[in-house]
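Visitor: Residue numbers (my numbering), protein chains in the order written: chain A, 2 to 337; chain B, 2 to 337; chain C, 2 to 337; chain D, 2 to 337.
Incorrect hints may have been included.
Because identical chains share one entry, a pair is satisfied inside a single copy or across any pair of copies.
[Stated by the list, open to error] Once the Cα atoms are required to be at most 20 Å apart in a straight line, the calculated DMTMM-like pairs of lysine to aspartate or glutamate come out as:
hint, residue 1, residue 2
1, Lys328, Glu217
2, Lys138, Asp173
3, Lys138, Glu268
4, Lys98, Glu268
5, Lys264, Glu40
6, Lys138, Glu246
7, Lys274, Asp188
8, Lys264, Glu148
9, Lys138, Asp64
10, Lys264, Glu246
11, Lys92, Glu331
12, Lys264, Asp275
13, Lys220, Asp275
14, Lys328, Asp272
15, Lys92, Asp142
FYI, nobody ran anything at the bench for these hints, they're computed from the structure.
Number of protein chains: 4
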Amino acid sequence: MTVNLGVIGTGAIGTDHIRRCHLALSGARVVAVNDINAEQARKAVAGLGIDAEVYANAQDLIDAENVHAILVTSWGPSHEELVLAAIAAGKPVFCEKPLAVTAAGCLRIVEAEQAHGKRLVQVGYMREYDQGYLALKAVIDSGQIGEPLMLHCAHRNPTVPQAYGTSMAITDTLIHELDVLRWLLDDDFVSAQVIFPRTTRHTHSQLRDPQIVLLETVKGVRIDVEVFVNCRYGYDIQCQVVGEEGIASLPEPSSVQLRSGAKLSTEILMDWKDRFIQAYDVELQAFIGSVSSGQIGGPSAWNGYAAAVAADACMQAQESGEIVPIKMPERPAFYA
Amino acid sequence: MTVNLGVIGTGAIGTDHIRRCHLALSGARVVAVNDINAEQARKAVAGLGIDAEVYANAQDLIDAENVHAILVTSWGPSHEELVLAAIAAGKPVFCEKPLAVTAAGCLRIVEAEQAHGKRLVQVGYMREYDQGYLALKAVIDSGQIGEPLMLHCAHRNPTVPQAYGTSMAITDTLIHELDVLRWLLDDDFVSAQVIFPRTTRHTHSQLRDPQIVLLETVKGVRIDVEVFVNCRYGYDIQCQVVGEEGIASLPEPSSVQLRSGAKLSTEILMDWKDRFIQAYDVELQAFIGSVSSGQIGGPSAWNGYAAAVAADACMQAQESGEIVPIKMPERPAFYA
Amino acid sequence: MTVNLGVIGTGAIGTDHIRRCHLALSGARVVAVNDINAEQARKAVAGLGIDAEVYANAQDLIDAENVHAILVTSWGPSHEELVLAAIAAGKPVFCEKPLAVTAAGCLRIVEAEQAHGKRLVQVGYMREYDQGYLALKAVIDSGQIGEPLMLHCAHRNPTVPQAYGTSMAITDTLIHELDVLRWLLDDDFVSAQVIFPRTTRHTHSQLRDPQIVLLETVKGVRIDVEVFVNCRYGYDIQCQVVGEEGIASLPEPSSVQLRSGAKLSTEILMDWKDRFIQAYDVELQAFIGSVSSGQIGGPSAWNGYAAAVAADACMQAQESGEIVPIKMPERPAFYA
Amino acid sequence: MTVNLGVIGTGAIGTDHIRRCHLALSGARVVAVNDINAEQARKAVAGLGIDAEVYANAQDLIDAENVHAILVTSWGPSHEELVLAAIAAGKPVFCEKPLAVTAAGCLRIVEAEQAHGKRLVQVGYMREYDQGYLALKAVIDSGQIGEPLMLHCAHRNPTVPQAYGTSMAITDTLIHELDVLRWLLDDDFVSAQVIFPRTTRHTHSQLRDPQIVLLETVKGVRIDVEVFVNCRYGYDIQCQVVGEEGIASLPEPSSVQLRSGAKLSTEILMDWKDRFIQAYDVELQAFIGSVSSGQIGGPSAWNGYAAAVAADACMQAQESGEIVPIKMPERPAFYA
């Protein structure tokens, strides 16, 4: 059975997911699109030669008989309402980050999904589908390095635009670690602290850069994440897990090794879009497969909620300079 | 338009390609299968829940109205006849290695395809679709290392079965380099020499292992390829291009870095199937795309022929210990 | 001129320095030795075939006419008195770590040396003579990575004996970073915080292991040092300097690269004595040279004092869990 | 006992050895020097503040009562006569490469030394004292990679002067491999072949560059050495030993790792003098020690002879393009 998808939001990421479904993945087609800019929605499918209906209204798209599942790729503040509507309609929904712009909003989705009685929501945290993170998790789970004790991580961008302020280091950047590290360790955060090193001269007045976020987990694992978004030299994601018996590090992206100009070198990516390009394919193929099988998996609404709660604590820690507790309700059996 | 494929030969690789078309790739479905063992053909599609017709006869499958293109994944000696039949039917055909078991057979295909007037044949040399080789070619073509002067290559397997004899080091193993290096350098071979080092105690009486094959190209590039198929430690493909300004090496497969047991280590693959797993997907997706567009690309019948001619010379060099010339007719404009 | 050395303390390190002077270095000889165990002192020189006078009393050795300079390699608590005596005698003195067992003791030496009017003391912090740290400092000083903003460091041992308690992570282990990082950055510490991650099952009841020490400098550089002394896998010293334009890391010790058993690996040292073996030679040769030239250089008494002050703050931070200020008097021009 | 050295030839390398003896090594001093340019000899010692007698005549220096051992660092063509004179005087002699400019000359030294009845000659092949080669040999000898079957080597220089012709690729460059590989494998060469790849545009008319030299040993090991002396990018020495169970590679020189400008890089040396700088110290310290002990070791006159014989065959192979046998007399028990 081919899965019929309805896509809400046809900006850059929406258009990219449409392309992905039609030119790279198996088992799905886009039959319906919606955007606040109807003309853009029309162009998004026309440009790919796809015969999909353009809906003026997102709710109508969600309700359409021939739409089996929904992709929410619209503006962040609209996500909560759209995901709730998809749940109300009983349709599987893949929602790009963030699940909702507040933890309270995420919690409403979590509650609605539980009330529905079955998982419907997959959140677009693609790192869990990255070959490197999967390989790292496999090593941890194999017991080769013993119990994890510490993680040393870095999330570095060459540069960010003027509009990126200090708190976005949490909500736009660290948010990926806040999700993927819980998954990697099968653990929850209990506190956060933020340290501000000397500021790089390459930042602007609204952004303290770099930052170091210190996290503690229920199991006592201590995590430091360097967030450095004007690092100049590349888009560089590091994750080193120090265990009782050894250390495992996230693979460096594969690259030609060069000997030239008195240097032995490999390339570092400059563009974040290149780093997880395959993970986007795998993530969406997994969603399509789970719609077919009727068993939605991947990053859950609960995970989206947990990341939002942790992000709130980190922003509080940015303000106060204190160690801020991260308080999560107990994880419902529904999300076990 | 969905491309309807007919698959001839439903052994391991055939079944894998059927799975690939239905579960991983976009734009194609398998509508017809054939195998000398009809029961196996039936199982291959039934196991995947695919509704494809099982043909008792390969020619009937090739002629079937609803079959747009053919995958030849049967026993090597049957390839020539099947590819010629597909050409006669005017249908695009993807043929696994070898294109034909003799250079003469390859040449007959080359001539038939030219007589047809348009490319129909893509040969299953998947390395040209490997991210690593593509990245290496991009570096060479960028001019960063200047003109290539030498290549140092290795093709190593942990072990081979008893049935693998000395000449199979050429026809089963080196054959990949004989194809991919011509593509990498955009060059042709002019001579071959084979050197037999001290033999490993891990080989058997029918196999001289390792071997070193020395190749020379039209442009004067000198290539050494170590073929070592009982190397024990891993499946390891190396390709280092020494140019006038620097050296570029094929990327190592990406792997978790471990610090444990007094070693800093990354993993080396043991199974060849894991090495080019993504390249198989990309290769077949490219074939599907080119069937749709009507412009067949990728490794051509001419490339299959050139590799066969070079392999013949290498086997002669194994016997004689001499430097054996490799004589190719001029490349027809058709294959430019 | 050959420098005549008097060595006080002929345990493992004293004996090793005697051997070094006679078999590996240029320009010095040991003419006098002293140890609380006179028999051991006699054996230390006899074993090397050296004709040196064995003194029953350290002060007599210091005062001996033919002794040009002193090596203090005795038990830590005796260092302060011996160094003060050497200063009183106006003789250059090389003192192994610690300069004194308290910051107050170090300060008395600093004051005595200033009263003498000329540098006489070199402290045995050998890392400043390590090729790797020297290369790292050269990169920083070249400006290639811009201003340093953060340092990520690790000091890992495979195992420690039962007698090694929680505070020794500071006084025996971190002490090396407390010295070398000031030198590397040409900066001073202003605060310390200690974090205790989940404890490894390989530690014993008197030792919380691992620990993470967070340091802040006058220039605002933030440093994290993982101290993990039962890490099992190796003796591993890491130092990564994150600057405004790029990142520089301490070189890994040079090692044969192996491909075997499905691993691509290099060796990690297990024994700390192998890690800085060349640095000990270079450090002592530098002392000999500076005695000859009359200009004592290298790690000064002030540096020994600064490391002691920082260590005190770190131990206080271990106890309190708080961020502890590190208060140093202004550096005298004498030590500029 | 301090070893009194007489140095014949006070050019760059001679002066460097004098400096080494006085400022870096233990147990020796230079008491006598000679050079065809007496003024230069005078300056060489005066510049270092050494009180050594300047001899107008090399034979007088060799015969001087107070000279215990000789360093021959003069022009290559003078080596044979000087080494023979030292043997005649019964004095240990360290001779820089080449031992003699012809194989016949080397053989005369071998015969004279045997007639003397005891080893007196150490040849200045410093690679045997390089930490990297020593570590590589230790791995081979440990049996970890099984019996060596193949070696892939490279000897690359950034550039060479106009005076460097095609045959100097053998006599000046490959000569190091001709010595060190025999030592590494404890084996002898039996044949040589030279291949000329496409020539780099960075060479000049008197030099075919690069070259590939193929060697075969008594045990059947096959060696390829790429000699590329205008490679532009660095001074780069590679040696990979492929054994029955795994592969061991010569360590890369230790270097700071940089992340900057979209590259992850380490430095490659540009100047050959930096590559083996420590090996020169170790080599000469070993000679001093062996003079003291009366047991001369290290690279012997026989090794110098063997390298010369192999070099002659390689030059013949350059001319003929043929596989040229390398014929060595049986190694005398004297040199076992």
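Visitor: Given identical chains, is lysine 92 near glutamate 331, meaning Cα to Cα at most 20 Å, within a copy, between copies, both, or neither?
Guide: Intra 27 Å, inter 61 Å, cutoff 20 Å: neither.
Visitor: Classify it for me, lysine 274 with aspartate 188: is the Cα-Cα distance of at most 20 Å met within a copy, between copies, both or neither?
Guide: This pair counts as neither: shortest intra-copy Cα distance 28 Å, inter-copy 34 Å.
Visitor: At most 20 Å between C-alpha atoms: does lysine 328 with glutamate 217 qualify within a copy, between copies, both, or neither?
Guide: within (12 Å within a copy, 29 Å between copies)
Visitor: Using 20 Å as the alpha-carbon threshold, which applies to lysine 138 and glutamate 246: within, between, both, or neither?
Guide: For lysine 138 and glutamate 246, the Cα distance is within 20 Å only inside one copy (16 Å; across copies 30 Å).
Visitor: 20 Å Cα cut-off: does lysine 264 pair with glutamate 40 within a copy, between copies, both or neither?
Guide: This pair counts as neither: shortest intra-copy Cα distance 51 Å, inter-copy 42 Å.
Visitor: Are the CA atoms of lysine 220 and aspartate 275 at most 20 Å apart within a copy, between copies, both, or neither?
Guide: neither (34 Å within a copy, 35 Å between copies)
Visitor: Reference check for the pair lysine 138 and glutamate 268, CA-CA at most 20 Å: within, between, both, or neither?
Guide: between (25 Å within a copy, 15 Å between copies)
Visitor: Is the C-alpha distance from lysine 264 to aspartate 275 at most 20 Å within one copy, between copies, in both cases, or in neither?
Guide: Classified as between: cross-chain Cα gap 15 Å, same-chain 24 Å, threshold 20 Å.
Visitor: One pair to classify: lysine 264 and glutamate 246, alpha carbons no more than 20 Å apart. Within, between, both, or neither?
Guide: between (34 Å within a copy, 12 Å between copies)
Visitor: Could you figure out if lysine 264 and glutamate 148 sit no more than 20 Å apart (CA to CA) within one copy, between two copies, both or neither?
Guide: So lysine 264 and glutamate 148 pass the 20 Å test across copies only (19 Å; inside, 38 Å).
Visitor: At most 20 Å between CA atoms: does that hold for lysine 98 and glutamate 268 within a copy, between copies, both, or neither?
Guide: neither (29 Å within a copy, 33 Å between copies)
Visitor: From the Cα coordinates, with 20 Å as the cut-off, is the pair lysine 138 and aspartate 173 best called within, between, both, or neither?
Guide: Neither. Shortest intra-copy (23 Å) and inter-copy (35 Å) distances fail the 20 Å Cα cut-off.
The structure does not agree with the numbered hints 2, 4, 5, 7, 9, 11, 13, 14, 15 stated previously, though it agrees with the rest.
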